[in-house]
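Asker: Single-letter residue listing:
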Amino acid sequence: MHRRGVGAGAIAKKKLAEMSKQLETFKTHLEEFASKHKQEIRKNSQFRVQFQEMCATIGVDPLASGKGFWSEMLGVGDFYYELGVQIIEVCLALKHRNGGLITLDELHQRVLKGRGKFAQDVSQDDLVRAIKKLKAMGNGFGMIPVGGSYLVQSVPAELNMDHTVVLQLAEKKGYVTVMEIKDSLKWERERACHVLDHLLKEGLAWLDSQADGEPQYWLPALFSELSSRDVTPEEANQMTP
Amino acid sequence: MSFEWPWQYNFPPFFTLQPNVDTRQKQLAAWCSLVLSYCRHRKLYTLDVMEAQESPVFNNKKIARKLSMEAIQVVFEELRKKGNLEWMDKNKTRCLVMWRRPEEWGKLIYQWVSKNGMVNSVFTLYELSNGDDTENEEFHGLEEWMLLRSLQALQTEGKAEIITMDDGKGVKFF
Chain A
1 MHRRGVGAGA IAKKKLAEMS KQLETFKTHL EEFASKHKQE IRKNSQFRVQ FQEMCATIGV
61 DPLASGKGFW SEMLGVGDFY YELGVQIIEV CLALKHRNGG LITLDELHQR VLKGRGKFAQ
121 DVSQDDLVRA IKKLKAMGNG FGMIPVGGSY LVQSVPAELN MDHTVVLQLA EKKGYVTVME
181 IKDSLKWERE RACHVLDHLL KEGLAWLDSQ ADGEPQYWLP ALFSELSSRD VTPEEANQMT
241 P
Chain B
242 MSFEWPWQYN FPPFFTLQPN VDTRQKQLAA WCSLVLSYCR HRKLYTLDVM EAQESPVFNN
302 KKIARKLSME AIQVVFEELR KKGNLEWMDK NKTRCLVMWR RPEEWGKLIY QWVSKNGMVN
362 SVFTLYELSN GDDTENEEFH GLEEWMLLRS LQALQTEGKA EIITMDDGKG VKFF
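As you go down the protein sequences, you meet chains A and B in turn.
Following the numbering used here, the numbering of the first sequence begins with 1 at its first residue and continues without gaps.
Following the numbering used here, the numbering of the second sequence begins with 242 at its first residue and continues without gaps.
Hints are all accurate, no fakes.
Across the chosen pairs, the derived CB separations fall in these ranges:
no.	chain 1	residue 1	chain 2	residue 2	range
1	B	LEU285	A	LYS182	37 to 47 Å
2	A	GLN124	B	TRP246	24 to 34 Å
3	B	GLN294	A	SER149	37 to 47 Å
Read the hints as simulated data drawn from the structure, not as lab findings.
Think of the CB as a built atom: it goes at the ideal place given N, C-alpha and C, for glycine as much as any other residue.
Make the full structure from the sequences, and use the hints.
Answerer: Written out as structure tokens, the structure is:
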């Protein structure tokens, strides 16, 4: 006769029940922890990083759903949602100048400025998370790694690997030439020109034909002098709706 | 007060006419703005195209970039279309720059006149533009052609009448 009840199946079931109970307990502790430290989460960016990492370890995404238990109880969702809105505002205000491309540094600077003296501390890690969220919501946002940081893209300009790598090359001086692309990336002239033409077309780059040697392609997003200049009323008037 | 250059002024490509249509539009709008504010700052009412090429507006020595003659003409044409520029000759070598339109000047002058209770008085053009009384006013130093146009604008509105006197023109305000 074949015996049932005690066998591989039963052991597995028991184990599962145990694990489930442990997970439940763990989840409760985490919730208690979160509730206790809700204030801290809002005010302290360092704390937020650690909290996020902890959640990630157990496979919980506090930002997964706006209406979720996590975001409601912690207000974590609200924090990043509001930050996302601020990021969109900054990018929209400057799109006219830089074509929708901005360095993470400049974005950080301007977001902090917009928050005023008594606002909560916002770190670059916070920005990155908020942008990832925006990206997931399909807002045309993206991040391009350049020179140790990121360029934040806020318009759905089609940028493929070729464009990205040229942007990275341009990051050092704020501009790039066909010759530099050929030398550094070992591309054919045609491929380099194709990419540069695309950047011009997307309004991300401007042409400088008075440079010594060959034409230079400059990116307003990488023009350091620009990052500290506010949008003037005239510029605001020129913005297309 | 020193002039504040816009960010584009130190951006080398600003001095190259942009091939991309949308970017060019932004560029020209910025140039128009710059030319008008510069003229306003320096109280320039006319520009000679040849001289303009060498002026700091179109020639940024610090970054070794200058706007080509062709590009300058494109900028001037934009200003003309917007009503801020008028050619003085057929060959387009000299132009009038109206960083403030005649109607706007007229309004300023009339405000000064009524604020000082001088409605119904008669002024010579010289008194208005160069008199001691108007020294602190923005329209002080206004060139005669512009002053006349401004007064003509007021005349159309029934606020003034231009009269011819023995040694020139004058105006009476109502």
